[in-house]
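Line by line, the protein sequences give chains F and L.
Using this note's numbering, the first residue of the first sequence is number 1172, and each one after it goes up by one.
Using this note's numbering, the first residue of the second sequence is number 765, and each one after it goes up by one.
Simulated from the structure, these hints should not be mistaken for lab results.
None of these values were measured; they are calculated from a predicted model.
Glycine included, each C-beta is placed from N, C-alpha and C at the ideal position.
Do not rely on the hints blindly, as some may be mistaken.
Short, incomplete list of chain F residues facing chain L, as computed with Cβ under 10 Å [said to hold, decoys possible]:
no., residue
1, LYS1173
2, VAL1181
3, LYS1185
4, LYS1203
5, PRO1207
6, ILE1212
7, VAL1213
8, GLY1219
9, VAL1229
10, VAL1250
11, ASP1268
Below, a list of computed lysine to any residue pairs in the SDA-like style, where the Cα atoms sit at most 20 Å apart [to be verified]:
no., chain 1, residue 1, chain 2, residue 2
12, F, LYS1263, L, GLY802
13, F, LYS1266, L, ASN799
14, F, LYS1263, L, THR777
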Amino acid sequence: MKLGRIQGKVWATKKDAQLTGIKLYLMQPLDKNLNPMGREIVAADAIGVGEGDLVYWVGSREGTFAVPGKRIPSDASIVGFVDSVHVAVPSKVKKNDYINYID
Amino acid sequence: MELGLVIGNIVSTIKQKNYHGRKLLLVESLDAELNPIGTTTVCVDTVDAGEGDVVLVAREGRAASEILGEETIPVRSLVIGVIDHKGISILKPKHNQG
């Protein structure tokens, strides 16, 4: 899953029947420092988000399972609110703790 | 699968029902020599990995439903292993240039 920030909302009255009742939001995917990463996408809401919320979302095939009991035609669905993100600094690996080079 | 580094975790109380009771880790993808390659993913932890662990991450396809045992589960990325101390051996670079 990936982090994202809800930027806005999208209405599409004429849409795939399976999307009826599903709210669509404009979402900006974020990187680990919560900076924008890539372009904004439209994501299906499964948990009741609002503009400005920090969330995580699931993409591709798993996006269709976000609403229990339904298969929605969505390749990006919002599945959780983020209360807080804890990032241990620095994210550096002591390589020789792990790697042994062999001839 | 791919290699990843657990750089932190996510606290999330309100979430889709399949996520209840599951720990969420923030994982940075690594290449074979453990250099970060720029993607950070939120993963469901299934092996109690901790911050700083180098882990095995299942990212694609049906791994999640297989492992979590539910057919339609909106989970994609999972931490499914912790790499051992000295748990990676790599042919010396001069060999694999050929």
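Hints versus structure:
no.: 1; hint: LYS1173; verdict: holds (6 Å)
no.: 2; hint: VAL1181; verdict: violated (20 Å)
no.: 3; hint: LYS1185; verdict: violated (26 Å)
no.: 4; hint: LYS1203; verdict: holds (4 Å)
no.: 5; hint: PRO1207; verdict: violated (13 Å)
no.: 6; hint: ILE1212; verdict: violated (15 Å)
no.: 7; hint: VAL1213; verdict: violated (17 Å)
no.: 8; hint: GLY1219; verdict: holds (8 Å)
no.: 9; hint: VAL1229; verdict: holds (5 Å)
no.: 10; hint: VAL1250; verdict: holds (4 Å)
no.: 11; hint: ASP1268; verdict: holds (6 Å)
no.: 12; hint: LYS1263/F with GLY802/L; verdict: holds (13 Å)
no.: 13; hint: LYS1266/F with ASN799/L; verdict: holds (9 Å)
no.: 14; hint: LYS1263/F with THR777/L; verdict: violated (29 Å)
Going down the numbered hints, you'll see the structure goes against 2, 3, 5, 6, 7 and 14, while the others check out.
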